[in-house]
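Visitor: Residue numbers (my numbering), protein chains in the order written: chain A, -14 to 159; chain B, 233 to 339.
Everything labelled a hint here was simulated from the structure, so no lab data went into it.
Only a predicted model underlies this, so the values are computations on that prediction, with no experimental measurement involved.
Glycine included, every Cβ here is placed at the ideal spot set by N, Cα and C.
Some hints could be false.
To be verified - Here are the simulated lysine-lysine pairs, DSBU-like style, with alpha carbons at most 35 Å apart:
1) A:K67 x A:K159
2) A:K84 x B:K298
3) B:K278 x A:K159
4) B:K288 x B:K298
5) A:K114 x B:K278
6) B:K267 x A:K40
7) A:K134 x B:K278
8) B:K308 x A:K70
9) A:K38 x A:K70
10) B:K267 x A:K80
11) A:K67 x B:K332
12) A:K67 x B:K308
13) B:K278 x B:K298
14) A:K134 x B:K332
15) A:K49 x B:K332
16) A:K103 x A:K84
17) A:K97 x A:K67
18) B:K278 x A:K40
19) A:K42 x B:K298
20) A:K37 x A:K11
Said to hold, decoys possible - Residues from chain B that face chain A, not an exhaustive set, calculated with beta carbons under 7 Å:
21) L268
22) N287
23) V290
24) F291
25) W301
26) P329
27) N330
28) K332
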Amino acid sequence: MLVRHTAALAALLLFGAAPLAQAADKPTDPQIAHIAYTAGVLDVEAAKQALKKSKNKEVLDFAKDMVRDHEAVNAQALDLVKKLKVTPEDNATSKALTKAAAEERAKLATLKGAAFDKAYVDNEVAYHKQVNGALETLLIPSASNAELKSLLETGLKIFQGHEQHAEHVAGMLK
Amino acid sequence: MRPYALDRRLWIASLALVIAATPAAAETIEVTIDKLVFSPATVEAKVGDTIVWVNKDVFAHTATIKGGWEVMIPPKKSASLTLKAAGPVDYFCRFHPNMKGRLVVAP
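Bound-form chain A, shown alone (with noise of 0.2 Å):
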């Protein structure tokens, strides 16, 4: 599960991280927006897991943070994407993500208390690393509509915040 997990988020750090000698593989504009929306979704559902799962303050917060912010991200992207007139396309990176996340909240749903949220955490610190990683090297790069670049740049900024955030409190875990 863990192995599958990391491979999944493996290839999404590879297809970033060559985005110009795979140019073929340079995600057009409605395989963009699709990514970032799940990704966003994703994290939501992990949130949402967290707040029935925790008692711990810090974390609930921090969950709720979570919830609040990708589902405000996510409204605009879906205002931009009607604008646009795109319809986001699924794609290999997005089931990766998805499946890697499913796969996450089972592990997950088996463990209890300070157990649980220590890895919640833990795994939202390198889930926003992962998704901010993509976002830099290739999801911002490959985008050509101007202002889904602008959203993806603003998303950015709020995962980055999400990942100092999930720092802190694992640091107030410990």
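Add chain B to chain A, keeping to what the hints say.
Guide: For chain B alone, kept in the frame of chain A given last:
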């Protein structure tokens, strides 16, 4: 007129000038938040001034001083704080700690 009276009148006149010039009225200073950026990032103010944060984002933010005050700034809303203490302070958004600002507050 005796020199003493003249001195005294001059003294009163200059005192009046000093009083008129010193206590500048408290000001309201606006800091805009747009796409997770405080702008201007650094604000020079004085004790008694009010800072108004205008949040143009759809995200909630805070202006937080570690171990000090915190102002909640809801999405698409404004929030304000009247400065009570002098000195430079760094603040950040607790939800997005990569957002940073600075207030340089004169007495």
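Visitor: Against this structure, judge whether each hint is valid.
Guide: Here is how each hint holds up against the structure:
no.: 1; hint: A:K67 x A:K159; result: violated, 44 Å
no.: 2; hint: A:K84 x B:K298; result: violated, 39 Å
no.: 3; hint: B:K278 x A:K159; result: violated, 40 Å
no.: 4; hint: B:K288 x B:K298; result: holds, 24 Å
no.: 5; hint: A:K114 x B:K278; result: violated, 40 Å
no.: 6; hint: B:K267 x A:K40; result: holds, 32 Å
no.: 7; hint: A:K134 x B:K278; result: violated, 40 Å
no.: 8; hint: B:K308 x A:K70; result: holds, 26 Å
no.: 9; hint: A:K38 x A:K70; result: violated, 39 Å
no.: 10; hint: B:K267 x A:K80; result: holds, 29 Å
no.: 11; hint: A:K67 x B:K332; result: holds, 33 Å
no.: 12; hint: A:K67 x B:K308; result: holds, 22 Å
no.: 13; hint: B:K278 x B:K298; result: holds, 20 Å
no.: 14; hint: A:K134 x B:K332; result: holds, 23 Å
no.: 15; hint: A:K49 x B:K332; result: holds, 22 Å
no.: 16; hint: A:K103 x A:K84; result: holds, 21 Å
no.: 17; hint: A:K97 x A:K67; result: violated, 41 Å
no.: 18; hint: B:K278 x A:K40; result: violated, 43 Å
no.: 19; hint: A:K42 x B:K298; result: holds, 19 Å
no.: 20; hint: A:K37 x A:K11; result: violated, 38 Å
no.: 21; hint: L268; result: holds, 4 Å
no.: 22; hint: N287; result: violated, 12 Å
no.: 23; hint: V290; result: holds, 5 Å
no.: 24; hint: F291; result: holds, 5 Å
no.: 25; hint: W301; result: violated, 18 Å
no.: 26; hint: P329; result: holds, 4 Å
no.: 27; hint: N330; result: holds, 5 Å
no.: 28; hint: K332; result: violated, 11 Å
The structure shown violates the earlier hints numbered 1, 2, 3, 5, 7, 9, 17, 18, 20, 22, 25, 28.
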